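**Student:** All chains should be modelled from the sequences, with the hints used to inform the complete structure.
Using UniProt numbering, count along the sequence shown one by one with no gaps and you end on 321.
There's no promise every hint is true.
Unchecked claim - Pairs of lysine to aspartate or glutamate, EDC-like flavour, derived with a Cα cap of 20 Å: (1) Lys138 / Asp67; (2) Lys230 / Asp197; (3) Lys5 / Glu100; (4) Lys230 / Glu100; (5) Lys138 / Glu93; (6) Lys138 / Glu161; (7) Lys230 / Glu249.
To be clear, the hints were calculated from the coordinates, so they are not data collected in a lab. Please read these numbers as outputs of a predicted model, since none were measured by experiment.
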Amino acid sequence: MLNHKALGYLYEVVRRGSIRRASAYLNVDPSAISRQIRHLEEDVGSPLCERHENGMRATEAGYLLIDHYHQQQAAEDATLSRVSELQGLRRGEVRIAVGEGFIADLISAPLQSFMAQHRGIDIEVHMAGVNEAMTLVKDFEVDLALLYAPPEDPLLHCHVETRQPLDLIVPANHALVSRQQPLTLAEVTRWPLALIDACTGMRQMVDIAARAEHVHLMPRLRTNSVSVLKNFVRSGIGVTFMPELTVQEELRQGDICLLPMQPAVLAGARAQIVTRRGRELTVSVRACLDHLRQGLRFFSADAPRVLNARCGRKRNASQVE
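**Tutor:** Structural data, given as C-alpha cells:
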C-alpha cells in the first residue's frame, strides 16, 4: 500500500517547487521529506520528481501518484462528510472558483441563503479567469467552478449548462441601438472598443470569432475588470462584449443597451458549473452545488433574451396553426 504521508509530501514538493519550501510549509525537516519520497520511488520503481530551471516538478509517474493522492483524499473527505450528514450537516467546507462576471449573481442572494441554512459550512471563494479556474478544479485546489465559455476538458464534469450569449453592450443613446439585425464583428470595429483580458472566457470567445471572420480588433481599453468595462460603456466612451445577466441591473436602469452578435461562437456561449471528473464530492459540496444550480440566475435558466425569443417562436407557431 502506498504511504499516504509520503504522497502528501510529494504533492507539496511539486506544488511549492522545492523540498525546502515544502519543508517550511509543512514544518517538517527536509531530510524527512526527501527520505519519504525516496522510499516511495523505491516502492513504485520509478523517479517521481525532477529538477528543472523553475524548481521541482513531477515526472509522469509522479503526476499519476499525485492524482491518486487527491482522489484518495477526496474519497476520505466524502466519507467523513456523510458521517457528518448523519448529524445534520453541521460542518463542512466548500471552495469555489468564480469569474468576476458571476460575482454579483453569486453574492446577491444564493450564497447568503446557503450560508444562512448551513451555518456550519464555511465558503471559500477564489476569483479566477476561466483557464485558472479550470486548473484549480483539476488540481483539487477548489471543489467546483463557475465557468463562462470554457473550452472542453475531459478532466472536468459539467453538472449544469445554460446558454448565455456574449452580446455587444453599448451606451443607451448609441447609433447602433436602431440596428434590427445581429451585428458582425466588422461593424463593431467602427467604434471605440474595450476588451477584457485573454484569461477570461469572454475574451477567448471574441478572439475565436475574430479569427474566423478575419477581423483585427484594436481595443482602446484593455482591462481585467468587469466593472471597468461597464463604466467604459456607461460613460459613453465606447462599446464592449458581455453576457446579458452580468449587466442586468444596468439594462434595467436604462444606462446601456444590449445588441445580439451574429457570430455563432458568441451567440452560442455557455455557462457551466463543473467539478473534477471522477472526484467523489462531499455532502457539503453537493448541497452547495444543488443550491447554486437553483438559485443563481446564470444557471437556473438561459439568458432572458434567449428565453424571450424561444417563447416568441412558440407563440408564432401557435398563431400559424
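**Student:** Each hint should be assessed against the structure and marked as holding or not.
**Tutor:** Hint check:
no. : hint            : verdict
1   : Lys138 / Asp67  : holds, 9 Å
2   : Lys230 / Asp197 : holds, 14 Å
3   : Lys5 / Glu100   : violated, 37 Å
4   : Lys230 / Glu100 : holds, 12 Å
5   : Lys138 / Glu93  : holds, 18 Å
6   : Lys138 / Glu161 : holds, 19 Å
7   : Lys230 / Glu249 : holds, 11 Å
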